[in-house]
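2 protein chains.
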Amino acid sequence: MTTEQLVEQIRKKKSFLCIGLDVDLDKIPPHLLQEEDPIFAFNKSIIDATHELAVAYKPNTAFYEAYGLKGWKALEKTISYLNEKHPEVYTIADAKRGDIGNTSTMYAKAFFEDLGFDSVTVAPYMGKDSVEPFLNFKDKHTILLALTSNLGAYDFQTKDLEGKTLYTSVLEVSKTWVNAENLMYVIGATKASYIGDVRAIVPNSFLLVPGVGAQGGSLTEVCKYGLNEQVGLLINSSRGIIYASKGTDFAEAAANQAASLQQQMESILNAG
Amino acid sequence: MTTEQLVEQIRKKKSFLCIGLDVDLDKIPPHLLQEEDPIFAFNKSIIDATHELAVAYKPNTAFYEAYGLKGWKALEKTISYLNEKHPEVYTIADAKRGDIGNTSTMYAKAFFEDLGFDSVTVAPYMGKDSVEPFLNFKDKHTILLALTSNLGAYDFQTKDLEGKTLYTSVLEVSKTWVNAENLMYVIGATKASYIGDVRAIVPNSFLLVPGVGAQGGSLTEVCKYGLNEQVGLLINSSRGIIYASKGTDFAEAAANQAASLQQQMESILNAG
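These protein sequence lines are chains F and X, in that order.
All residue numbers for the first sequence refer to numbering that gives the first Met the number 0, where the first residue is 0 and numbers rise by one.
All residue numbers for the second sequence refer to numbering that gives the first Met the number 0, where the first residue is 0 and numbers rise by one.
Incorrect hints may appear among the rest.
Only some residues are given here: those of chain F computed to face chain X with a beta carbon under 7 Å [as the list claims (entries may be wrong)]: (1) Ala61; (2) Gly67; (3) Lys69; (4) Ile99; (5) Tyr106; (6) Lys108; (7) Asp128; (8) Leu150; (9) Gly151; (10) Leu160; (11) Glu161.
Just so you know, these hints were derived from the structure itself, not from any lab.
None of these values were measured; they are calculated from a predicted model.
A virtual CB, placed ideally from N, CA and C, is assigned to each residue, including glycine.
Bound conformation, chain F alone:
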C-alpha cells in the first residue's frame, strides 16, 4: 500500500487507529480454546468487529513464534484473511528484525512477499546496510525503531551521541539512506514531549506510536506534537482493545473500546 492510499483510508474512516494483535492464549476468552485454531478465531472476531474503526492491524510476531508451527500458521491465516477480506486495511508485522545485508533481504522477503504485509518494524542498531534491503521493496514501508515506549529506552536511545541523542541521530542518518521515503518511525507515546523534536527532523514521515492506553501515553499529547498535514500518525492500542472482555462478548467489547478511540481521533481531526 502506498502512503497516499493509507492517508485516504485515514480520511475516509476518520481514524488513525492501529490495533495490535498480540494474542496470548492465557488471556483470550476461554471458550475460544475449543476452536481448532484459537489464535486465528480470536483475531478474525476482533478484525470483523473493528475493521471500520481501525486503519491498521499489527500482529507482534513474538506472540506467534511462542506457539511454534501452530503460531506461525495462525499468523499466516491472519494476514491472508486481512489481505483477502479487508484489502483496504494497512498491515504491520511488528517483528523488530534487522541483520546484515543479504540476511535482511531474506527477512524482507519473508514479511513483504511470503506473508504479504504492507510494512515491518526494523531495529536500527546495525545501520544502513541492515535496513536498506527492506527499503528496496516498492509500496512497502519499513518502520524503524527510534524512540521506544519502554523504560530501557533511556539506556541508550536518549543518551548523547556526538552532540545529539542516539534516537535523533537514527532519524537524521536514516533520512540519507536510499529509498528513505519508504521509512516510518516508532516513537513511544510515553515520551510525547519528545515528539516535537521528532517532527522537526522528519516533518513528513508517518510515526507509529505505541504506548497509548495500558502503558499510560496520552492521545491528546501525542496529537498535539505529532500531527502533520497528512495526519502522519498511526496510534497503536493492543491490550486495551483486544482484552476488553474475557467473555463471549469480547469482540463487541473490543469494538466499543476501538470506537471510543476512533471518536476521539475524529474530534481531533475535525478540530485540526
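Please build the complex by placing chain X on the supplied structure of chain F, with the hints as guidance.
For chain X alone, kept in the frame of chain F given last:
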C-alpha cells in the same frame, strides 16, 4: 547448556568453531531439491559430516522464515535433530530479537522452550527491560549484539556516546543487568583490532565472532586479542563451509573446510 559444559566440549574437540546454517535454496546442491524437505536434508548432511569438528551450530532464523511454514518446520526439525542426536553440541538461534518486557519473554519462550536452543542473539537498542527477560532462563545464554561485522556498524555502534563508543557502552551497561553472567556478545571478526578493548571490559565473557572467511576477518588476529583462560571465543563460519561444493560431495567438502579451521584452532590452543 552451562558455560562450563561448553568449555569442556571446546577442550575435548580442540575446536571453537561454530557453523552457521544459513540455508538458501538457491545455493544448496540442486540434487537436494528433490527431497521432501531440502533444507533439513541439507542441514542433516552438514551436521553429520562436521559435528566432531564444530562445537556449535547457528541457524539464522531469517533464512527459515523466508520459506514460511515449510522453513519454520525445517528449523524445528534441525534443532530437534541436534538436541536428540548430538546433545553435546551448543546451539544458537541467530534471531537478533528484542522487544519490550512481556514480548521479549514470549521470544525467550519461543527459542529456549518451544524450540530448545541453548542461546539466542538479541539486539540491545531497546535496553535493559528488553534483554533481562531472556537472561531469566537458567542454563541459557543471551548473545547481545555489540559490534557487528557489517559496514553499517560504523553508523551508530562506533560513534561516541557520552565519552565511550556506543558498543562499549552496550558492554558496560549490560554488565549491570540481572543475571548478566548469562550474557555473551557478538563481536565481528572484521574489526579484530577492537577486540582488545572488548576484552578489557568483559574479560570473562564468551564472544561470538562472525566474519571470518567470506567477510574477510582473520582467525589469528581475532585469537590474538580475544582468547581468554576459558577460550572465550566461538568463531562462526557459514558460507565458507556449507557452500564449499554444489555437488553431491557437498558434505565432504564442508567437512574439509571445517577440518581446516579446526586444525588452525587446535594449533592456536596448543600454542596458548
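These are the hints, each one checked on the structure:
1. Given hint, Ala61/F at the interface with chain X, holds; its Cβ is 4 Å from that chain's nearest Cβ, closer than 7 Å.
2. For the restraint placing Gly67/F at the interface with chain X, the shortest Cβ-Cβ distance is roughly 5 Å, inside the 7 Å limit, so the hint holds.
3. For Lys69/F, the suggested interface contact is broken, since its CB lies about 10 Å from the closest CB of chain X, more than 7 Å.
4. Below 7 Å, beta-carbon pairs count as interface contacts, and Ile99/F has one with chain X at about 4 Å; its hint therefore holds.
5. Here the hint on Tyr106/F is kept, as its CB sits about 5 Å from the closest CB of chain X, short of 7 Å.
6. Hint status for Lys108/F relative to chain X: holds, with the closest Cβ pair at about 5 Å, below 7 Å.
7. With 7 Å as the threshold, the beta carbon of Asp128/F comes within range of chain X, its nearest partner Cβ sitting at about 4 Å, so the hint holds.
8. Hint status for Leu150/F relative to chain X: holds, with the closest Cβ pair at about 5 Å, below 7 Å.
9. The interface hint given for Gly151/F is met, as the beta carbon of that residue sits about 2 Å from the closest beta carbon of chain X, less than 7 Å.
10. About 5 Å separates the beta-carbon of Leu160/F from the nearest beta-carbon of chain X, less than 7 Å, and the hint is met.
11. At a threshold of 7 Å, the smallest CB-CB gap from Glu161/F to chain X is about 5 Å, leaving the interface hint in force.
Taken one by one, the earlier hints fail for this structure only at number 3.
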